[in-house]
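K.L.:
So the chains spell out like this:
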Amino acid sequence: MTEDMSRYPLRLEGDDVPMVRFRNVTKRYGPLVVLNQLDLDVSTGEMVTIIGPSGSGKTTVLRMLMTLETIDSGVIYVDGEPLTHMERNGQLLPASSKHIRRIRSKIGMCFQHFNLFPHMTALGNCMEGLVQVLGLSRREAEERSMELLDMVGLAEKRDEHPSRLSGGQQQRVAIARALAMRPKVMLFDEVTSALDPEVISEVTNVIRRLVGAHDLTMLMVTHQMGFAKEISDRVCFFFNGAVEEQGTPAKLFENPERERTRQFLNAVLDAN
Amino acid sequence: MIEWRWHLVWELAPRFVDAAGKTLLAAGGGYSIAVVLGLVLVLAQRTRFRPLTFAVREFVELIRSTPLLLQVFFVFYVGPQFGLVLSPWTAGLIAIGLHYGAYLSEVYRGGIESVPAGQWEAAKALNLSVVRTYRRIVIPQALPPAISGMGNYLVGIFKDTPMLSVIGVTELMHTATAVGAESYRYLEPYTMVGAIFLAISLPAAYLISRFEKWVRRTLGMVK
Chain D
1 MTEDMSRYPL RLEGDDVPMV RFRNVTKRYG PLVVLNQLDL DVSTGEMVTI
51 IGPSGSGKTT VLRMLMTLET IDSGVIYVDG EPLTHMERNG QLLPASSKHI
101 RRIRSKIGMC FQHFNLFPHM TALGNCMEGL VQVLGLSRRE AEERSMELLD
151 MVGLAEKRDE HPSRLSGGQQ QRVAIARALA MRPKVMLFDE VTSALDPEVI
201 SEVTNVIRRL VGAHDLTMLM VTHQMGFAKE ISDRVCFFFN GAVEEQGTPA
251 KLFENPERER TRQFLNAVLD AN
Chain Z
1 MIEWRWHLVW ELAPRFVDAA GKTLLAAGGG YSIAVVLGLV LVLAQRTRFR
51 PLTFAVREFV ELIRSTPLLL QVFFVFYVGP QFGLVLSPWT AGLIAIGLHY
101 GAYLSEVYRG GIESVPAGQW EAAKALNLSV VRTYRRIVIP QALPPAISGM
151 GNYLVGIFKD TPMLSVIGVT ELMHTATAVG AESYRYLEPY TMVGAIFLAI
201 SLPAAYLISR FEKWVRRTLG MVK
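These protein sequence lines are chains D and Z, in that order. The numbering of the first sequence is the working numbering, which starts it at 1 and goes up by one. The numbering of the second sequence is the working numbering, which starts it at 1 and goes up by one.
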């Protein structure tokens, strides 16, 4: 089944181009529809949090944007350009790996299980992309990496391997590693879910500092409602692969319109 | 009762030292081919080009399901009928290289599959190219778990070099048999062969396990 791509613009133009736009994006795993014709815009510099029950497709949103998953229909735009497709002779065609690599360079991601490279030190992890992808000299890469390790409070751990770092420290190194690449969009996929409760604030404090400090656009999937409420510009509640309800944290958490949102929030609050 | 003749041992020693060198050369040469071929096979199996992955998988299965001795004969005796005339040495190295390359590709595959999916994803999120992902991220992590398997096959290839005696490679076994035919003494030559194999295999196995620990330590992956 091929989709008629002519209804999608080749690129987004105008004053109000969102940093990220999902248009009509569907993702299936076999018969299971994970995302169903998703439309979602994220403005430049905006912090959008995605909440919802497991299986609602929230992590899939981030994974598609990071190109860890392909999409079955629709288009994703990043910074005005299509990510999943590319323009050829006035038409949108599935993106080549070269095109994907170019657009992907605007996106960074932190994972639930950190995914640091175990055979490299904290500094080595941060430098890897700078040297191997951006082509920086080792000196420049080290300088930039140390700035970021310093920002996450781990400059003195530069020579430690991940196995010698706590979960909170590993996640902070992962954030430094992603930021070192200077992405325009940062994705946080349940970055505190694998952490012990007492170190969660180490990580949330770092993210808190990012908000407002740059024009970094951020998308975060989290189960920490308090953090989401405090930090987000907008909260999206996902249900069955679509945005069931979205709005400012105040509105969504205190005055949800939809029954499903209320049920979910009540269930989460009960659990806490 | 047959008595052990030490003077024969001393007399034969130079010939056996020479043959041991050839055995090591055959094992080393065959292993070098296998190490590289195994890597080519495993990478070919991981491409998305179906006919290639299918062909490689079938080839590996074919090699692993037939005896090495048959493969040695095939390369040496059947090859010439197709115009491929090889010296015993070349034929022998190709045969054990192919044979052990197929086994090593499976060892590599196990090593590569032991690298968590999250590592590939992190590499992608950093926009590393496929080649750099293998070279910088995957292979260094796939190596430590593969070393013991690679070491076993190194000892294995060494112990399989006597197979090459049947096509005339003058390694240890060939030499012992020749001595037997000349002198009608079999006890000393074959015992010497056994002793030499033991004297090389045992320290090799020990060194391999030391090497594995060293690699893990060097890569900072001590658990």
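Where hints are given, some of them may not hold.
[What the hints assert, rightly or not] The calculated DSBU-like cross-link candidates involving lysine-lysine, where the alpha carbons are at most 30 Å apart (straight line), are: (1) 184/D / 98/D; (2) 213/Z / 98/D; (3) 106/D / 124/Z; (4) 184/D / 229/D; (5) 157/D / 159/Z; (6) 124/Z / 184/D; (7) 106/D / 229/D; (8) 213/Z / 159/Z; (9) 157/D / 213/Z.
Because the hints were derived from the structure by calculation, they are not lab data.
K.L.:
Keeping to a limit of 30 Å between CA atoms, is the pair of residue 106/D and residue 124/Z held or broken?
P.N.:
holds (12 Å)
K.L.:
Sort out whether residue 229/D lies within 30 Å of residue 184/D, counting only the CA atoms.
P.N.:
Since the Cα atoms of residue 184/D and residue 229/D sit roughly 23 Å apart, the hinted pair holds (cutoff 30 Å).
K.L.:
Residue 157/D and residue 213/Z were given as a pair; does the straight-line alpha-carbon distance stay at or below 30 Å?
P.N.:
Since the Cα atoms of residue 157/D and residue 213/Z sit roughly 24 Å apart, the hinted pair holds (cutoff 30 Å).
K.L.:
Residue 184/D and residue 98/D: Cα distance at most 30 Å?
P.N.:
holds (19 Å)
K.L.:
So if I understand the rule, the pair passes when the alpha-carbon distance is 30 Å or less; does residue 157/D with residue 159/Z pass?
P.N.:
violated (48 Å)
K.L.:
Checking one constraint from the list: CA of residue 106/D to CA of residue 229/D, max 30 Å. Satisfied?
P.N.:
holds (26 Å)
K.L.:
Could you grab the alpha-carbon distance between residue 213/Z and residue 159/Z and see if it respects the 30 Å cut-off?
P.N.:
holds (24 Å)
K.L.:
Holds or violated: are the alpha carbons of residue 124/Z and residue 184/D at most 30 Å from each other?
P.N.:
Judged against 30 Å, a Cα distance of about 16 Å means the pair holds.
K.L.:
Just to be careful, I want the Cα atoms of residue 213/Z and residue 98/D compared with a cutoff of 30 Å; is the pair within it?
P.N.:
violated (39 Å)
When held up to the earlier numbered hints, the structure conflicts with 2, 5 and fits the remainder.
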